[in-house]
Every structure is written in C-alpha cells, then in structure tokens.
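Asks: Sequence:
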Amino acid sequence: MKLVLTAPGRLEAQASDRPAAQDGMTRLAVEYCGICRTDAKMWRTGHRDLVLPRVPGHEVAARDENGRLFTVWPGKACGRCRHCLGGRENLCDGMQIMGFHFDGGFSRHLLAPTTSLIPVPADMPSHLACFAEPAGCALNALEKLGLGAGERLVIYGGGTLGLVAALAAGTMGARPLVIEHHPDKIAKSEAFRQTAQVACSIATQDDEFDAVLNACPDPEAFVQGLARLARGGRCAFFSGLTGGGQLSADGINLIHYKEAAVFGAYGLTRRHMTAALALIGRYPRAFELLVEAIVPPQDVERRFSDLLEGRSFKTILDFRSAGDCG
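Residue numbers (the working numbering): 4 to 329.
Do not take every clue at face value.
What the hints assert, rightly or not - The calculated lysine-lysine pairs, modelled on DSS-like cross-linking and capped at a C-alpha distance of 30 Å, are: (1) Lys261 <-> Lys147; (2) Lys147 <-> Lys188; (3) Lys44 <-> Lys188; (4) Lys44 <-> Lys191; (5) Lys44 <-> Lys147.
By construction, these hints were calculated from the structure, which means they are not laboratory data.
Let the hints inform the model, and build the full structure from the sequences given.
Replies: Structure (structure tokens):
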C-alpha cells in the first residue's frame with residue numbers, strides 16, 4: 004500500500020509495488036513514517052517544492068533487504084556545489100527532497116538514495132527513529148545559536164518541535180523556557196516536561212534572554228521573541244511564518260536597536276540526523292511521551308486535520324501490515 008497525493012486535498016490509497024533496483028538507490032521496506040505539519044500543509048494547499056503526483060513522507064524508519072534498520076536523510080544533494088563541499092548539504096543548489104521531488108515514506112516500499120541512509124542503533128525502538136528528522140532540524144537551529152552553559156533560551160511554541168528543542172538545549176547546558184499560550188497543550192505536555200526537566204509558561208515579561216527560537220508559525224510570537232531578547236542576543240528563525248500575518252516595523256526594528264543576531268535554520272544535514280539519533284537514544288522515555296498515536300495509513304487524513312489545528316503531538320503511520328496493495 005502507498006498513499007499518493009494527486010492534488011491538494013486528494014490522497015489516494017494505491018498498490019505499492021516493489022521498486023526496481025537503481026544505481027545509487029536502496030530498496031527499503033517501510034515500518035513507520037511520522038507525519039509532520041508540512042505534510043499536512045501539502046495535503047491541504049500544496050507546497051512550493053511539491054511535484055505531483057507524489058507519495059509524501061520524510062520521517063522514515065525502514066529496513067533494507069538484509070533486515071538492517073535505517074532512517075533516511077530526506078535530501079538528495081549533488082555533492083559538488085559549494086554548499087555540499089562546505090558541509091551544508093541542506094542548502095545544496097540542486098537539492099531534491101524526499102516526499103516533495105521524489106516519492107517518500109507513506110508507502111510500504113521505498114527507494115531511497117544510498118548516501119542518505121542513516122543506521123539506527125539496534126537497541127532503539129524502530130518507531131522512535133521517526134523523530135530523527137524533526138529532532139535533527141531542531142539541532143541545526145540550536146547549533147546556529149551557539150548556546151553556552153547557563154545561557155537562557157526562550158522557545159515560542161510548545162508543540163513537538165518546541166519541546167524537542169528545549170530538551171536538546173538542556174543537554175547543552177542552557178536553561179530553556181517554552182512559551183505556549185494554549186493551556187490544554189501545556190497540560191498535555193506535563194509528563195514530557197517532567198521527564199525532560201523543561202520549564203513552560205503561558206507568557207513571560209522577562210526581556211533578558213540570551214537567545215530565542217520560534218517553534219510556531221505565528222508572526223506575533225516571532226516579534227514577542229525579539230522583544231524578550233537581551234541586547235546582543237541571538238535569534239534562530241526556525242519555523243516559517245504563516246502567510247496571512249504581518250510583522251510590525253516596530254517589532255523588526257528591535258533587531259536594529261538590540262544589535263540582535265538572527266540566524267535562519269532550514270532543514271538539516273546528515274550530521275544533524277546522526278546526532279538526533281544519539282539524543283533519542285539518550286532520552287527514549289521522553290520521546291515516547293511525544294507519540295500521540297501510532298495509526299494505520301488509512302487514518303492519515305483525520306490526523307492531518309488534528310495536526311493543522313495544533314491539537315496533536317507526533318502521529319506515526321504503521322506500514323508493517325499495509326501489504327502490497329491498497
């Protein structure tokens with residue numbers, strides 16, 4: 004079985020045939036594939052990088068023909084441009100992205116670039132490998148901030164990515180605070196926050212944070228983050244902003260007045276994905292607490308709606324029993 008996006012709003016279950024072998028590609032049997040907000044947005048409205056028809060999915064746990072478990076760095080980079088040669092292959096001039104330019108993990112069968120395979124430790128539950136891509140994205144953003152021991156980081160957004168970023172920042176010796184304005188989501192994350200020792204609040208008036216990271220698409224939250232920065236602070240522009248909102252000139256001028264350093268963070272490299280697996284292996288209980296549900300592929304569209312409305316943490320599709328037909 005595979006799920007094929009044929010047009011915005013149209014996701015069709017089709018037969019999934021075992022793909023023919025290709026040079027530089029590895030055939031995999033997908034066990035699990037996570038759903039992210041980008042997948043849901045593609046389903047609802049499309050995406051600038053999306054080529055239809057397409058099998059979505061880029062948070063994969065899959066086995067090769069020898070039974071070895073891998074997750075997949077979702078890029079296919081040229082390896083020759085200045086970005087690839089400089090260790091920033093996520094910015095490759097000729098980047099192709101799994102689930103956007105070529106078929107992804109919403110399928111029992113997957114053909115993935117061999118150079119993109121990241122081995123999963125043998126003692127890791129296979130479904131947790133689906134966190135490697137989002138956690139690696141968070142590590143890329145945090146790396147830009149260069150957090151030091153004892154530095155204070157405020158994170159706007161208490162969803163899966165905001166909480167993972169807070170956990171990772173704590174391992175770096177920083178002191179993260181998550182701002183989440185939905186009381187129900189704060190309550191829902193309590194078990195994770197206790198396990199990961201992450202502080203959370205509905206708001207803060209403190210304006211002396213060393214760094215800020217936006218883990219939600221609200222333009223107002225982005226401006227609030229700038230307002231909370233100390234002079235000379237650093238900002239990771241992590242989550243893209245919703246197109247309907249507007250940034251106030253007064254808010255953006257804070258970058259000028261505070262001499263704030265703003266770093267864009269887009270995707271991740273293979274190095275970040277490997278580091279993410281180490282983080283998951285160190286805190287498996289915390290990541291388990293972020294699993295909203297493991298569901299059959301047929302349940303995906305309802306889960307998309309929950310995700311777009313901010314009601315859920317990580318939902319994972321289980322393809323182990325999906326078979327080869329729709």
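Asks: What hint numbers does the structure not satisfy?
Replies: Structure breaks no hint.
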